[in-house]
Amino acid sequence: MRLEPIAAPSPARRIVPPLLALLATFTVATLLALIAGGNPFSVFGLIVKGAFGSKFALLETLNSATPLIFTGLAIAVAFRAKLWNIGAEAQLYAGAVLTVVLGTGALGLPAYLMLPLCAIAAMFAGATLLLGPALLKTRLGVDEVVTTLLFNFIFLLFVSYLLEGPLKDPMGMGWPKSARLLPEARLPRLVEGLRIHWGFGLALVAALLVWVINTRTTLGYEMRAVGQNAEAARFAGIPVTRVILKTALLSGGLAGLAGFSEVSGLKGALTSDLSPGFGYTGIVVAMLALLHPLGVVLAALFVAAIFVGADSMSRAAGVPSYIADIMLASALLFMVLAILLTKFRVRRD
Amino acid sequence: MNNTTKAQVVLRLQGITKRFGPVTANEGVSFDLHRGEVIALLGENGAGKTTLMNILFGQYTADEGTVELFGQTLPPGAPRAALDAGVGMVHQHFTLADNLTVWENIVLGVDPLTAPRLKPAQAKARIRALSDQFHLKVDANAKVGRLTVGERQRVEILKALYRDAKILILDEPTAVLTPQEAEALFATLREAIATGLSVIFISHKLHEVMAISHRVVVLRHGKLAAERATNQTNREDLAALMVGSEVSAPSIETGAPGASLLSLRRVTTPDQGAAPGLKSLNLELAAGQIIGLAGVSGNGQAALSDLLSGLITPTSGEMEMNGTAVQRWTPRTAIAKGIARIPEDRHKTGTIADFDLTENAILETYASRFSRRGWMNWAQARAFTKDLIKTYDVRCPGPDIRIRLLSGGNMQKLILGRVLEEAPQIILANQPVRGLDIGAVNYVHGALAKARDRGAAVLLISEDLDEIMQLSDVIHVISEGRLSPGFGRGTMRAEDLGAWMAGHGFDAESPNAT
Amino acid sequence: MDLFDILLSASFWAAAIRIASPLIFATIGELICERAGVLNLGIEGIMVAGAFAGWIAVWAGLPLWGGVAVAMLTGMMLGLVHSIFSVPFGLSQHVVGIGLTLLATSLTFYTYRVVLPEVSSPPKITAFQPYEIPLLSDLPLVGPALFSQTPLTYAAFVLAALTALVLYRTPLGLAVRAAGENPSAVAAQGLSVTAIRMGAVTVGSGFMAVGGAFLTLSAFDSFFFDMVNGRGWICIALVVFGAWKPGKAVLGAILFAAFDALQIRLQQTGIGAVIPYQVFLMMPYFLSILALVVMSRRAEIPNALMVPFNKGER
Chain U
1 MRLEPIAAPS
11 PARRIVPPLL
21 ALLATFTVAT
31 LLALIAGGNP
41 FSVFGLIVKG
51 AFGSKFALLE
61 TLNSATPLIF
71 TGLAIAVAFR
81 AKLWNIGAEA
91 QLYAGAVLTV
101 VLGTGALGLP
111 AYLMLPLCAI
121 AAMFAGATLL
131 LGPALLKTRL
141 GVDEVVTTLL
151 FNFIFLLFVS
161 YLLEGPLKDP
171 MGMGWPKSAR
181 LLPEARLPRL
191 VEGLRIHWGF
201 GLALVAALLV
211 WVINTRTTLG
221 YEMRAVGQNA
231 EAARFAGIPV
241 TRVILKTALL
251 SGGLAGLAGF
261 SEVSGLKGAL
271 TSDLSPGFGY
281 TGIVVAMLAL
291 LHPLGVVLAA
301 LFVAAIFVGA
311 DSMSRAAGVP
321 SYIADIMLAS
331 ALLFMVLAIL
341 LTKFRVRRD
Chain E
1001 MNNTTKAQVV
1011 LRLQGITKRF
1021 GPVTANEGVS
1031 FDLHRGEVIA
1041 LLGENGAGKT
1051 TLMNILFGQY
1061 TADEGTVELF
1071 GQTLPPGAPR
1081 AALDAGVGMV
1091 HQHFTLADNL
1101 TVWENIVLGV
1111 DPLTAPRLKP
1121 AQAKARIRAL
1131 SDQFHLKVDA
1141 NAKVGRLTVG
1151 ERQRVEILKA
1161 LYRDAKILIL
1171 DEPTAVLTPQ
1181 EAEALFATLR
1191 EAIATGLSVI
1201 FISHKLHEVM
1211 AISHRVVVLR
1221 HGKLAAERAT
1231 NQTNREDLAA
1241 LMVGSEVSAP
1251 SIETGAPGAS
1261 LLSLRRVTTP
1271 DQGAAPGLKS
1281 LNLELAAGQI
1291 IGLAGVSGNG
1301 QAALSDLLSG
1311 LITPTSGEME
1321 MNGTAVQRWT
1331 PRTAIAKGIA
1341 RIPEDRHKTG
1351 TIADFDLTEN
1361 AILETYASRF
1371 SRRGWMNWAQ
1381 ARAFTKDLIK
1391 TYDVRCPGPD
1401 IRIRLLSGGN
1411 MQKLILGRVL
1421 EEAPQIILAN
1431 QPVRGLDIGA
1441 VNYVHGALAK
1451 ARDRGAAVLL
1461 ISEDLDEIMQ
1471 LSDVIHVISE
1481 GRLSPGFGRG
1491 TMRAEDLGAW
1501 MAGHGFDAES
1511 PNAT
Chain Z
2001 MDLFDILLSA
2011 SFWAAAIRIA
2021 SPLIFATIGE
2031 LICERAGVLN
2041 LGIEGIMVAG
2051 AFAGWIAVWA
2061 GLPLWGGVAV
2071 AMLTGMMLGL
2081 VHSIFSVPFG
2091 LSQHVVGIGL
2101 TLLATSLTFY
2111 TYRVVLPEVS
2121 SPPKITAFQP
2131 YEIPLLSDLP
2141 LVGPALFSQT
2151 PLTYAAFVLA
2161 ALTALVLYRT
2171 PLGLAVRAAG
2181 ENPSAVAAQG
2191 LSVTAIRMGA
2201 VTVGSGFMAV
2211 GGAFLTLSAF
2221 DSFFFDMVNG
2231 RGWICIALVV
2241 FGAWKPGKAV
2251 LGAILFAAFD
2261 ALQIRLQQTG
2271 IGAVIPYQVF
2281 LMMPYFLSIL
2291 ALVVMSRRAE
2301 IPNALMVPFN
2311 KGER
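Residue numbers (the working numbering), protein chains in the order written: chain U, 1 to 349; chain E, 1001 to 1514; chain Z, 2001 to 2314.
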């Protein structure tokens, strides 16, 4: 078997494989639902209903999509430059920690500065956390996949220590939980009376900004060049190391914002189960979006809908909600294959 | 050769046709190879030589036609069958694993994978016997990564002989050898055909073809253009057959040297893996001259090229441009100081395959010319690229297509345009015509000569001695990181340069003086 | 109890060998994949799946070695999936590996919930018991540390030795190593790079899964969701630390496990009262990063690791 590049892919070439990937994903889910004794039609029906069936469900989906947009953007930015940041989970928590430190009044900031400073601090925290692995990569050639993965474990233990020690809520009745944020440190509701906060709006703005950076700025051009062919980029005079470090700062900062948005917009306090793996799911989101920042928004909504829908389906139909995770993992694998097939023809010789 | 017609036919190609999408690489190619015969397969780059050999070797499946070995039709697309039938191939790019030893590379795949164990002692004894018989001296226990290029080629030939090859295919085998090493290879081949081996010798160097072969098969545009007995043809005849219509190479006259633009004094750079760095090297690049750098690959050309490209800095010694010492040295400063760089590998280093022509055209100048305060000016970049395409005759649908879709020649023209538009003082051309067809070769050579004539200094690095001798006003030879004195145009014969390439004449005590 | 006492006690070294065993299985598995040129980041998920598959098989009535076989088969199936994506299609080994870890983990949890819908705590099985090797186990210090382990631990060492033997002494091993160094060399000798790499990833993944099963069948007697807890990623670091050589990788795993055993014991000493327990738990991950940093400069990395091979690429 041999792969042959296609010079000018036809529209069908570009559309059919991704559609087949989605079809394959649903086939896998159908089989699994059958194995668990559920009726696939009602399972999918319940997922759709659970995600979009009511105003409450829809808002829940939007809220769940918010952190995924941030982590998805973080991954998309990094992967585009071939910086394999698998540590968005830790960077999210880093952002959440600094948000809580400032937001509970550690510095006594004036109210009007509180939110912007919390957001900046969260970005700073996330960016700093990715800087270490990025430096190890550029200076010593240590593979960043493994270091960022290991950092996830280290940082979650650090959060657990903080929640049982310095950041522990004295009124928390012994639970490992931080104190609640001051009211001025909370992101307001997007629409009064509805459970949807400004974090979602911020996420949309972030996606737009990343898109502008990618397409209109020298940094975007440099990041793409480094990602596509670092050797050629270096030869042409692009400061490759500096571009990788800038990419790391941007990516880590975006992941940090996810932590800020979750604590300040949704939860109001930090617990060690703040993120059910948003950092890892961000990888799926970014890949489904083909690393396109605006696509990330759509992919995050899709992924969030499956999670929210599967949760409510699980309660109604008794099929374990882990079916959502399986669907996303298989969508990821099928989609990377589909993207390949939009560009290459498989030859038998 | 009249007597070979009576000899046994060992290989018969019949009507081989192979298409890659819209491109036809081979069309209806047929010829026979006899026992003890050397056939030279002659053709330009892109004429379909390598594709044909890959079909013969079973790497590709032919769309039409058959391959017969010793009277048996070869099943299509089975490399194993060709190997087992006694075909051995020495690829142009060696297929050796650097971190394995010589004997491991040779025995790889010979015993079935289900065999319980390797037999190193037995294998080494056999390798020693073969290398004695065919004068292929090599240490069986050495790691391949530590061998010279010539030694690696011997390992490749030993690989084939170890498998009892009856037919040996050599793809451009002399491209990486000194003239003396090439002569030794020919001696080995004569030895081999005396024992009954048959050889297909792929080349585009006419004098070699005349020296070694019995018959010449010429391919042009994938078709068999001619078949000649070597003793009934001559170089001019073959050249015309290879190219089709007569194409005249640009006549390049000697340039008059001007002021010194760049000088290296006792410059030393670190070794790069097995390839040596520069060893206390002196070099002067004067305006209005083409300075040719001859040498066997892996003798410090990469270090010199990387140094002038700004990728590395000297560990000791001085580097002066226009009379002032160079301080900070990066690719960007090299470009800013007027060095145009044409890299050795245009696919990996020169361009970004999935970027469009515009994005590739501004790769070196986006920061200085096509952006303001971090914002790209794409309209300007696109207009610039359109001009470039017109001025440098880049054949393409437009500035928005991915560069991977361009042919090697058009890719090289875009790179040429990209650097020549900056009116450079110095041009570093590293293997600028490798893999190009004659039309593109002449274009590139013409462009380099034109730049020289308007006062630029051109450093031409090439492993092709003919190219160096044709173009250069001054020739230096590089060997193990040391540089020979400069030889004026026409003062040296190829054999004399070959002696320098093999490392003779260098005085370890005093570095070259120019 | 001071450090010296700990390091001289047989029970400490017995624990170290016990902790090292699953790491040896998985590290050897990863090493086989990487020697053939494929980085297998599915390791974490494959270990989770192996831990569950072995355990559930024994719970359903198979003998313990049957459980090991089921785990091995599960791992091989997942490895096959990885290799289909990463070898003939040559897709990014980073993305495929992470995707496979997500898939294997979620499939495991899903199956757990389907098979055991209503349980609050997972059922227990009768795990492998220590087997004292006659005579050898009577040796002082070494006896109780090395020769009073469960059969699965002995199997880990046997596997490492066999892997070294196959890699360096057989035509098959030579082909695997060559595939990781220069696939073109393998193809030119008439062998199929695709088959060799797919085979290596499939078999290597089987061993990873046995590493996971060690946790449920030998170290503990039940299955928990966060049981593997990053051990897969640690094994990737161990392969680098061991310079892609089985012997060194085993030594690395034991050294690493000794540190892990040490931190568990130190937690119970006076130091443990002063330093938060999380710091001790972080140690394995920090050590892994440290190992990567230390080895970064002299790593003898297979030349074609993570380089896909597309036959006849022009």
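There could be a bad hint or two in this list.
[Unchecked claim] Calculated lysine-lysine pairs in the BS3-like style (CA-CA distance at most 25 angstroms, straight line): (1) E:1386 x E:1348; (2) U:82 x U:343; (3) E:1348 x U:343; (4) E:1124 x E:1166; (5) Z:2124 x E:1119; (6) U:267 x U:177; (7) E:1205 x E:1119; (8) E:1450 x U:246; (9) E:1166 x E:1137; (10) E:1143 x Z:2248; (11) U:55 x U:267; (12) E:1143 x E:1124; (13) U:82 x U:267; (14) E:1137 x E:1119; (15) Z:2124 x E:1143; (16) U:82 x E:1348; (17) E:1137 x E:1124; (18) E:1119 x E:1143.
[Unchecked claim] If you want the ones that stay clear, here's a sample from chain U, every Cβ over 12 angstroms from chain E, calculated: (19) 52; (20) 53; (21) 109; (22) 157; (23) 177; (24) 194; (25) 219; (26) 228; (27) 230; (28) 235; (29) 237.
Think of the hints as simulated: they come from the structure by calculation, not from any bench.
These numbers were taken from a predicted model, which means no experiment stands behind them.
For glycine and all other residues, C-beta sits at the position ideal for the given N, C-alpha and C.
Hints versus structure:
no. : hint            : result
1   : E:1386 x E:1348 : holds, 24 angstroms
2   : U:82 x U:343    : holds, 19 angstroms
3   : E:1348 x U:343  : holds, 20 angstroms
4   : E:1124 x E:1166 : holds, 21 angstroms
5   : Z:2124 x E:1119 : violated, 50 angstroms
6   : U:267 x U:177   : holds, 11 angstroms
7   : E:1205 x E:1119 : violated, 41 angstroms
8   : E:1450 x U:246  : violated, 42 angstroms
9   : E:1166 x E:1137 : holds, 21 angstroms
10  : E:1143 x Z:2248 : holds, 21 angstroms
11  : U:55 x U:267    : holds, 20 angstroms
12  : E:1143 x E:1124 : holds, 14 angstroms
13  : U:82 x U:267    : violated, 33 angstroms
14  : E:1137 x E:1119 : holds, 21 angstroms
15  : Z:2124 x E:1143 : violated, 53 angstroms
16  : U:82 x E:1348   : holds, 16 angstroms
17  : E:1137 x E:1124 : holds, 13 angstroms
18  : E:1119 x E:1143 : holds, 18 angstroms
19  : 52              : holds, 37 angstroms
20  : 53              : holds, 42 angstroms
21  : 109             : holds, 31 angstroms
22  : 157             : holds, 39 angstroms
23  : 177             : holds, 43 angstroms
24  : 194             : holds, 38 angstroms
25  : 219             : violated, 7 angstroms
26  : 228             : violated, 5 angstroms
27  : 230             : violated, 10 angstroms
28  : 235             : violated, 5 angstroms
29  : 237             : violated, 4 angstroms
Going down the numbered hints, you'll see the structure goes against 5, 7, 8, 13, 15, 25, 26, 27, 28, 29, while the others check out.
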